[in-house]
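Engineer: Quick mapping for you: the protein sequence lines, in order, are chains A and B. Under our numbering, the first residue of the first sequence carries the number 508, and numbering increases by one thereafter. Under our numbering, the first residue of the second sequence carries the number 14, and numbering increases by one thereafter.
Treat the hints loosely; a few may be bogus.
Listed below are several chain B residues computed to face chain A (Cβ distance under 8 Å; list not exhaustive) [what the hints assert, rightly or not]:
1. I21
2. P203
3. L205
4. T207
5. P208
6. T210
7. L323
With a Cα cut of at most 20 Å, we get these calculated EDC-like pairs of lysine to aspartate or glutamate [stated by the list, open to error]:
8. A/K627 to A/D637
9. A/K615 to B/D17
10. A/K641 to B/E195
11. A/K689 to A/D533
12. A/K615 to A/E659
13. B/K34 to A/D637
14. B/K196 to B/E213
15. A/K627 to B/E195
16. B/K34 to A/E726
17. A/K799 to A/D775
18. B/K341 to A/E576
19. B/K196 to A/E590
20. A/K584 to B/E195
21. A/K584 to A/D571
22. B/K196 to A/E596
23. A/K627 to A/D605
24. A/K641 to A/E690
25. A/K530 to A/E726
26. A/K644 to B/D211
27. A/K644 to A/D633
These are calculated hints, taken from the structure and not from any lab test. Quick reminder that beta carbons are idealized off the backbone N, C-alpha and C, glycines included.
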Amino acid sequence: MIETHGLTRRFGDTIAVDSLDLKIRDGEVFGFIGPNGAGKTTTVRMLCCLIAPTAGTAYVHGLDITRPEEALMIRGKIGLLPEVPGLYETLSAYRNLDFYAQMYDVPKGVRAERIESLLKTLSMWDRRDDPVGKFSKGMKQKIAIARALVHEPDYLFLDEPTSGLDPEASLTVRNYLLDLKKEGRTIFINTHNLDEATRLCDRVGVMKTGLLAVGTPDELADMFWGHTTVVRLRRAVPGMAEVLRSLPGVTGVRQEGDAFLVEVTSPDDTNPLIVRALVEQGGEVLSMGELKRGLEDVYLRLLGGKR
Amino acid sequence: MRLDRIWIVARKDMSEFRTNKYIMYSLVLMPLLMALVLPLIYLTPFTMFAEPSDPFEIDFEEAGIMIGKDVQGGSYNNITFVNCTLVDVVAVNCHFEGCELSNSLVRTSVLANTTLRDGAIMRSNVLNVTFENAVASDVRTLGEDGEQEVFLKQFINFLLLFFVLIPAILPTVIASYTFVGEKLNRSLEPLLATPTTDAELLAGKSLSIFLPTMLVTWLSFIPFVLLVNFLSAPVIGYAPLPDATWLIGVFLLAPLFCIMAIALNVVVSSRVTDVRAAQQLGSLVVLPVVILFAVSLSGLFALGPLTMLLLTAAVALVDLGIMSLTLKTFRREEILVRWK
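Here chain A stands alone, though its shape is the one from the complex (with noise of 0.2 Å):
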């Protein structure tokens, strides 16, 4: 588990992360997001004991963050990918491997075995012979993906995992982590990436210097919408959007061309009502649907955009 306790970090007069409370269950995959700036990679550096907090503290696996020995013991439980791969260019993929499995203690006959089956699951067994520095960058990351698994981390942290990849390499990335979230390890997830956050994360993070909200994204979406029903007529009329709004259970009506957004406390309840009225008033129902609220609708929501 992952808990943190008004994690605090300043740089100079400047407040990066700000009283962070949070927690992570074990076999969860969370994502933070939000936008440059917003502390999403101090607060990473904080959880890998990287950096310092200025103010409170966080336990990663029960180990306290802000003690020395307990952060030694922190670093050999987590996998980080950082934002940039920072491979070392002129050694081979596999030396890079090697290098990182020794630096977290993978005993000498796991550690081929180890490195063999990651390369081979990222396609890259063909190529680990080669100089890193002649890779592409989705190559690289998949490299950078294998250095953080190549000790079998209990907490992998992930900045930016697909970011300035094509779509391709995006894909065989997701994908990757998706099974990774199936072996259950927890992973935490900085991403600009509102799709790929949908995808991945139980649960999202919206950061801010502090954390906007937490949830699931049905939740977030929840928290400031409610139920939308859209009802597509053949042809509007007018008057029903008065005698929709009178309905129980709805909170709000809104007509877009022959289409109706009708806010609504319980969709099961009210839905037939909704219908019933309509045919009523002599309309004839094309379909009918729930509005599902992204991500990105909460996100600009909350960080101040229209929507």
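Position chain B against the provided structure of chain A, taking the given hints into account.
Structural biologist: Coordinates of chain B only, in the frame set by chain A:
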């Protein structure tokens, strides 16, 4: 500190150096230049043009001995004079001890503690001889070096200073690529995320610079000694190296200068983002060595074993100070937040 961890870091860095042609060129060419090329260029002329300074071999078969006598005129062969006063004599193949010679001609003889007035001496070996208006030609002074020997020894000392200079220069080249290179490549962050202490990482990275630097320094010292001895022995009359002063210099002072160079370059690397800038600033570390060069050449102090030991102790103290500064610079927090 865990030694195995330090060694893992050092070994990785050294395998990176092998792929860096600039580092490899520096490691091979600089010692080659200073240990072989420069001595060859500068010492060969001595061998070619200097005359041998061994004492003349004087074929002496004692035919008689005079003690405390006044000798006026005459020609003498194979005679030993002790505490004699000689005037207007010609002496060939003679030995003089504690004598006074006036208006005399001496050839192929040995003179000790003797005064020579208004005469001439040729092709003789002398020890503590006072010349008063006497003409001397082709005289070898026993027990002390001639001008060319003194100059040659000074020059060898000058060349030996390169073995203190190499360990100060090479770390500048290597460190600029490792620390600044890692910073530019952003490869320090994942390394800092491993379960390793800051001191272990610093020690590993420093060791990776120290080992190849000192290895090439010491390895090149062997051919240097052989070459210098080969070239200068005929002039000096004996093999001048290795001597105690420079054994201390090369095996104690040089590693300490190397440590100083590494430590200073870590501090420099933390402040710059360009390999060339790091090299330029880092090369300032050679200043103390250059000052040592200058002072040594000016003859302000003689470089003896004691001077060298004192110098070594002073550099060791400076090293301790700089290393504590380096330890403060090479901290995770500093590297990620303040290293620019």
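Engineer: Taking the earlier hints as the rules, which of them does this structure contradict?
Structural biologist: Violated hints (numbers, rising): 7, 15, 16, 20, 24 and 26; every other hint is consistent with the structure.
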